[in-house]
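A.B. asks: Sequence:
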Amino acid sequence: MLFALVSWITGWTVGTPFRAARLVERSPGHGDPPHVVVSLTYARLKPGGRRAFDRYTQAVFSSLDEQPGYLGGAIRREVFGRQVWTVTSWVDEASLESFVRSPLHREAVRVAGGSLGETQLHRLELPVTELPLSWDRVLDLLDERIGRTAALWPPVR
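The opening position of the sequence shown corresponds to residue 5 in this note's numbering, with each subsequent residue numbered one higher.
One should not assume that every hint holds.
[Claimed, not checked] Each computed SDA-like pair below joins lysine to any residue, with the alpha-carbon atoms no more than 20 angstroms apart:
1) K50 <-> G121
2) K50 <-> R114
3) K50 <-> G117
4) K50 <-> T17
5) K50 <-> Q62
6) K50 <-> Y60
7) K50 <-> Q124
8) K50 <-> F84
9) K50 <-> T61
10) K50 <-> G118
11) K50 <-> A112
12) K50 <-> G85
13) K50 <-> E111
14) K50 <-> V113
15) K50 <-> R80
16) K50 <-> Q87
17) K50 <-> V83
18) K50 <-> R86
19) K50 <-> E122
20) K50 <-> V115
21) K50 <-> E82
22) K50 <-> I79
23) K50 <-> W16
24) K50 <-> L120
25) K50 <-> T123
26) K50 <-> L125
These are computed hints drawn from the structure, not numbers from a lab.
Assemble the whole structure, with the sequences as input and the hints as a guide.
C.D. replies: What follows is the structure, given as structure tokens:
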């Protein structure tokens, strides 16, 4: 019974809602809607790695509005567990690549990257009409790409 309670409590998550930084022009009546690039991240942190990871994640997310081509994003984490998720959206692949090579992101990877255990990174294109993304949609997209059962990667909703 105690094990079940602890398992249940460690699965609690808290996530920020998807926060849009910019609007993308939608061209009604001109064919398919434009697409955006979405970056999805899932990580299970190593024991003791939460503090460094959280500090750098907050710093990186605070700087995103200044990144050219950034459209919006969100963070989700287990309250007592070690699982974390991020989602960001970009006008194109070049904007996302520029962010990945930015000094703050590179420092975050260098310093806090050792906190990461299992990590899944995925990029995909979605119609701009899907923004803002809900956490249910993000978890479904990750589930499709990771291809694991809920027992191995619990998408707590």
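A.B. asks: Determine for every hint whether it applies to the structure shown.
C.D. replies: Outcome of the hint check:
1. K50 <-> G121: Given that 20 angstroms is the threshold and the Cα spacing comes to 5 angstroms, the pair holds.
2. K50 <-> R114: Roughly 15 angstroms between the alpha carbons, so the hint for K50 and R114 holds.
3. K50 <-> G117: With Cα atoms ~10 angstroms apart, K50 and G117 stay inside 20 angstroms; holds.
4. K50 <-> T17: Cα-Cα ~17 angstroms, so holds.
5. K50 <-> Q62: holds (18 angstroms)
6. K50 <-> Y60: holds (15 angstroms)
7. K50 <-> Q124: holds (14 angstroms)
8. K50 <-> F84: With a Cα-Cα distance of about 13 angstroms, the restraint between K50 and F84 holds, given a limit of 20 angstroms.
9. K50 <-> T61: Status holds; Cα separation ~15 angstroms.
10. K50 <-> G118: holds (8 angstroms)
11. K50 <-> A112: holds (16 angstroms)
12. K50 <-> G85: Roughly 10 angstroms separates the two Cα atoms, so the pair holds.
13. K50 <-> E111: Between K50 and E111 the Cα gap is close to 19 angstroms, so the pair holds against 20 angstroms.
14. K50 <-> V113: holds (15 angstroms)
15. K50 <-> R80: Measuring from Cα to Cα gives roughly 17 angstroms; hence the hint holds.
16. K50 <-> Q87: This hinted pair holds, its Cα atoms lying about 10 angstroms apart.
17. K50 <-> V83: holds (15 angstroms)
18. K50 <-> R86: holds (7 angstroms)
19. K50 <-> E122: The hint holds at about 8 angstroms.
20. K50 <-> V115: holds (14 angstroms)
21. K50 <-> E82: holds (13 angstroms)
22. K50 <-> I79: holds (18 angstroms)
23. K50 <-> W16: Satisfied, since the Cα-Cα distance of roughly 18 angstroms is no more than 20 angstroms.
24. K50 <-> L120: holds (6 angstroms)
25. K50 <-> T123: holds (11 angstroms)
26. K50 <-> L125: At roughly 17 angstroms apart (the allowed maximum being 20 angstroms), L125 and K50 satisfy the hint.
The structure shown violates none of the earlier numbered hints.
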